[in-house]
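The listed protein sequences derive, respectively, from chains S and F.
Each residue of the first sequence is one higher than the one before, starting from 1 at the first, in our numbering.
Each residue of the second sequence is one higher than the one before, starting from 114 at the first, in our numbering.
These aren't lab readings, by the way, just hints derived from the structure by calculation.
From the three backbone atoms N, C-alpha and C, an ideal C-beta is built for every residue, glycine too.
Don't take each hint at face value.
To be verified - Ranges of calculated distance between the beta carbons of each label pair, as one might list FRET restraints:
1) S:SER14 - F:GLU127: 43 to 51 Å
2) S:GLY9 - F:HIS123: 24 to 32 Å
3) F:GLY153 - S:GLU63: 40 to 48 Å
4) F:ARG176 - S:SER14: 46 to 54 Å
5) F:HIS123 - S:LYS68: 40 to 48 Å
6) F:THR230 - S:SER14: 31 to 39 Å
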Amino acid sequence: GNSVTQMEGPVTLSEEAFLTINCTYTATGYPSLFWYVQYPGEGLQLLLKATKADDKGSNKGFEATYRKETTSFHLEKGSVQVSDSAVYFCALSSTDSWGKLQFGAGTQVVVTP
Amino acid sequence: AAGVIQSPRHLIKEKRETATLKCYPIPRHDTVYWYQQGPGQDPQFLISFYEKMQSDKGSIPDRFSAQQFSDYHSELNMSSLELGDSALYFCASSFYLGLAGGQGVDEQFFGPGTRLTVL
Numbered sequence: 001g002n003s004v005t006q007m008e009g010p011v012t013l014s015e016e017a018f019l020t021i022n023c024t025y026t027a028t029g030y031p032s033l034f035w036y037v038q039y040p041g042e043g044l045q046l047l048l049k050a051t052k053a054d055d056k057g058s059n060k061g062f063e064a065t066y067r068k069e070t071t072s073f074h075l076e077k078g079s080v081q082v083s084d085s086a087v088y089f090c091a092l093s094s095t096d097s098w099g100k101l102q103f104g105a106g107t108q109v110v111v112t113p
Numbered sequence: 114a115a116g117v118i119q120s121p122r123h124l125i126k127e128k129r130e131t132a133t134l135k136c137y138p139i140p141r142h143d144t145v146y147w148y149q150q151g152p153g154q155d156p157q158f159l160i161s162f163y164e165k166m167q168s169d170k171g172s173i174p175d176r177f178s179a180q181q182f183s184d185y186h187s188e189l190n191m192s193s194l195e196l197g198d199s200a201l202y203f204c205a206s207s208f209y210l211g212l213a214g215g216q217g218v219d220e221q222f223f224g225p226g227t228r229l230t231v232l
């Protein structure tokens with residue numbers, strides 16, 4: 001079956017540091033890949049997505065590239081801010097399903113001033 | 114822009130009671146998903162509907178049922194509540210693009226969630 005594995009947290013960084021959250025997946029077919037962010041006490045917000053190999057999703061300074069050869073979709077940001085403190089979820093959706101999302105365990109990111 | 118609406122936002126129930134959660138998708142979205150997120154856990158897919166028909170089913174207990182109505186809103190009915198049902202319940206909506214060419218569904222937009230506490 002499908003699965004998503006992402007690095008465990010919490011990840012603690014200083015403001016303006018470089019952030020990387022690793023995400024690898026196992027899936028049948030050609031999944032779409034997503035990063036969702038959840039701020040404390042709030043719902044899930046789509047951060048970025050990529051629907052085919054070599055696609056790069058980007059938003060708010062975050063980037064992730066769909067790497068089929070390594071089955072990875074690592075999230076990166078060059079300079080984090082305190083406001084980036086949240087839980088980040090990597091997720092996939094297979095084209096052979098009705099779009100249900102399979103999430104990774106989530107990675108908590110804490111950015112300190 | 115209109116977002117997914119969920120009600121109620123908070124719900125407190127006793128064990129063995131029933132609960133009904135409602136979800137109003139973004140206008141023109143035809144697909145609704147329900148997810149359950151336990152404390153410190155990732156969201157788990159429960160069930161989905163496309164055009165008022167169940168399209169997929171995940172780890173939804175038999176005590177739970179759901180449906181999508183003609184106006185596309187959806188309700189999740191939970192009976193014989195257990196302590197372990199305490200969680201955040203998310204609804205998400207999407208627009209079905211069709212399977213031709215592997216398009217599947219468009220991205221999902223999540224509601225703010227209903228926090229269910231079972232005492």
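Hints versus structure:
1. The hint said 43 to 51 Å for the Cβ distance between SER14 (chain S) and GLU127 (chain F), and at roughly 46 Å that hint holds.
2. Checked against the hint of 24 to 32 Å, the C-beta distance between GLY9 (chain S) and HIS123 (chain F) comes to roughly 27 Å, which is consistent with it.
3. Between GLY153 (chain F) and GLU63 (chain S) the CB atoms are about 27 Å apart, so this pair departs from the stated range of 40 to 48 Å.
4. Remark: the range hint 46 to 54 Å for ARG176 (chain F) to SER14 (chain S) is upheld by a beta-carbon distance near 47 Å.
5. Hint check: HIS123 (chain F) to LYS68 (chain S), Cβ distance near 42 Å, so the stated range 40 to 48 Å holds.
6. Checked against the hint of 31 to 39 Å, the C-beta distance between THR230 (chain F) and SER14 (chain S) comes to roughly 36 Å, which is consistent with it.
In the structure shown, a violation is registered for the earlier hint numbered 3 alone.
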